[in-house]
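Engineer: Sequence:
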Amino acid sequence: MYSTKRQAKMHKAYAPVVKRKGHRPEWLIGQKMMDHAVKAIRARAHIERGYDIPYLAGYSLDGHTIFIDRHMPKNFVYRNRKVLTDRFLIVHEAVEKSLIQLLGMHYLTAHQIALHAEQAAVRAEGITWEAYDDFMQDYIKVIGDEALSKVPDNLDLTPYVDFHDAEELKKMRAGMAHCENFAPKHKVHIAGLS
1 MYSTKRQAKM
11 HKAYAPVVKR
21 KGHRPEWLIG
31 QKMMDHAVKA
41 IRARAHIERG
51 YDIPYLAGYS
61 LDGHTIFIDR
71 HMPKNFVYRN
81 RKVLTDRFLI
91 VHEAVEKSLI
101 QLLGMHYLTA
111 HQIALHAEQA
121 AVRAEGITWE
131 AYDDFMQDYI
141 KVIGDEALSK
151 VPDNLDLTPY
161 VDFHDAEELK
171 KMRAGMAHCE
181 NFAPKHKVHI
191 AGLS
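Position one of the sequence shown corresponds to residue 1 (my numbering), numbered consecutively onward.
Because the hints were derived from the structure by calculation, they are not lab data.
Since this is a predicted model, take the numbers as computed values, not measurements.
Some hints could be false.
Claimed, not checked - DSS-like, lysine-lysine: derived pairs with alpha carbons at most 27 Å apart:
#  : residue 1 : residue 2
1  : K141      : K170
2  : K74       : K32
3  : K150      : K171
4  : K185      : K171
5  : K171      : K141
6  : K141      : K82
7  : K150      : K74
8  : K185      : K150
9  : K74       : K185
10 : K39       : K185
11 : K82       : K32
12 : K74       : K141
13 : K185      : K32
14 : K82       : K39
15 : K74       : K39
Start from the sequences, fold in the hints, and give me the full structure.
Structural biologist: Below, the structure is given as structure tokens:
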């Protein structure tokens, strides 16, 4: 039934116990759904990789741009397979900004929900969270890092304000560079929200 031991383990770990003829494992369906979600986000937001971004990724004040650090590799190798990483960061940042901007959630709450969405995206790709997180930790820049010399001036600082003092934010602002504000790709209207 399975061509590799890995497929059998993945099926057992992620698929429902019920096995019907023609049934597809949940992780395979999850990957297709995640592809669809990432395409939908990319259709609505500009992805910018030309700046230094603390903690790998962030978003613009208006939410129309998702920033990914310019030094962050676009992929990593997991079990002899090249895995694109931008998609996971895009999901996290889009979910986080949406919850803050549209629902008025506090950053820490929105971040936790976005982290779960990111984990689901990673697992849907058949990757362990531990392998992905270990890879990401090597590239995280903190605000005091000297490498923060080109920070976009329209980066939403809400996530950084919650964790750092005024002196550190001052250093970060000193490294800011102009970034074009991109027009929204789609108008979004949510009834009841102004």
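Engineer: Compare the structure with each hint and give your call.
Structural biologist: Consistency of the hints with the structure:
no. : hint           : result
1   : K141 with K170 : holds, 16 Å
2   : K74 with K32   : holds, 20 Å
3   : K150 with K171 : holds, 12 Å
4   : K185 with K171 : violated, 32 Å
5   : K171 with K141 : holds, 13 Å
6   : K141 with K82  : holds, 23 Å
7   : K150 with K74  : holds, 19 Å
8   : K185 with K150 : holds, 25 Å
9   : K74 with K185  : holds, 23 Å
10  : K39 with K185  : holds, 13 Å
11  : K82 with K32   : holds, 18 Å
12  : K74 with K141  : holds, 16 Å
13  : K185 with K32  : holds, 23 Å
14  : K82 with K39   : holds, 19 Å
15  : K74 with K39   : holds, 16 Å
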